[in-house]
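Colleague: This is what each chain is made of:
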Amino acid sequence: GEEVAQTPKHLVRGEGQKAKLYCAPIKGHSYVFWYQQVLKNEFKFLISFQNENVFDETGMPKERFSAKCLPNSPCSLEIQATKLEDSAVYFCASSHAPGAAANYGYTFGSGTRLTVV
Amino acid sequence: DQQVKQNSPSLSVQEGRISILNCDYTNSMFDYFLWYKKYPAEGPTFLISISSIKDKNEDGRFTVFLNKSAKHLSLHIVPSQPGDSAVYFCAASTGNQFYFGTGTSLTVIP
Chain E
4 GEEVAQTPKH LVRGEGQKAK LYCAPIKGHS YVFWYQQVLK NEFKFLISFQ NENVFDETGM
64 PKERFSAKCL PNSPCSLEIQ ATKLEDSAVY FCASSHAPGA AANYGYTFGS GTRLTVV
Chain G
525 DQQVKQNSPS LSVQEGRISI LNCDYTNSMF DYFLWYKKYP AEGPTFLISI SSIKDKNEDG
585 RFTVFLNKSA KHLSLHIVPS QPGDSAVYFC AASTGNQFYF GTGTSLTVIP
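Protein chains in written order, with the working numbering: chain E, 4 to 120; chain G, 525 to 634.
Hints in this document: simulated from the structure, not taken from any laboratory. The structure presented is a predicted model; accordingly, all values stated were derived computationally and were not measured. Errors might be hidden in some of the hints.
[Claimed, not checked] If the Cβ cut is set under 8 Å, some of the chain G residues that face chain E in the computed set are:
| # | residue |
| --- | --- |
| 1 | Pro-564 |
| 2 | Glu-566 |
| 3 | Ser-573 |
| 4 | Gln-621 |
| 5 | Thr-626 |
Here a beta-carbon is modelled for each residue, glycine too, at the ideal position from N, C-alpha and C.
Isolated chain G (complex conformation):
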């Protein structure tokens, strides 16, 4: 059973606008959440993380929001750039391993 879900397989955004990628999870024991970015034929690269004791973490253009009561997290990219076009995976950790969502393909249109 999928414990981490990304319900939007794809998203298109105009350059300069905000991209919002969403992720839902079912296991309340997850203690860390991460976002990875993946280009074709490459491995995923770590983008940003958030501890379950926080509700927001910001790093430059990337901000992750965590809503524990809704078991929902989101990644905001602003302003979006064409180089941000990639597949974004959210992942959640219980400490020993990560559970990944199925990814959202983001296309930033110049």
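Extracted from the complex, chain E is given alone in its bound form:
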């Protein structure tokens, strides 16, 4: 499709529960990016994929967070044992290539709002 589809739109989890977020990139885009938007509008880069391979994971917390992009499946971001500070909006974006993104920007999904209570 022509939009990045993120599901669910809202997710509420009790502290310690698992959360799993999904992202279907635009067809033909081979790069997928995950960002976490916390309070005060700050976007934090988490991880990027080139097809099913991790491209850059320098922003990914080593504990509790994992992500995958498997062929013929939506990409996923999973948080094990959620904590209150994981509450944020998680955005997925896709592009043809990092270089193309520099000229035309990523295409972002509308985000998943995770609330940990």
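Since the structure of chain E is already known, use the hints to place chain G on it.
Modeller: Okay, now just chain G, sitting in the frame of chain E:
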């Protein structure tokens, strides 16, 4: 440490006047700069970009200026319209990922 900073959280401008949104950065290795616009409950949408080898890029009512020596870029919107009311994020790229500022909320008053 925040590599891209937007020091003005909000800006109000009268319809028809110019809106100027500012952004500062610290990393001299950034090679592309972009502006995104975001409405509530939506993802950011790409607005305009500029390469580090240029100092100006214009697209309709939107112009981005880059001052590399000052590590500063700005977005000019003229004339401003009520539909421009949104949060504007600047972003800078090293090639692999983008670093975002914290956003400036623009309100265009009819």
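Colleague: Each hint should be assessed against the structure and marked as holding or not.
Modeller: Going through the hints against the structure:
1. Pro-564: violated, 10 Å
2. Glu-566: Result: holds, 5 Å to nearest chain E Cβ.
3. Ser-573: Hint holds; Ser-573(G) Cβ to chain E Cβ min 6 Å, cut 8 Å.
4. Gln-621: holds, 5 Å
5. Thr-626: holds, 5 Å
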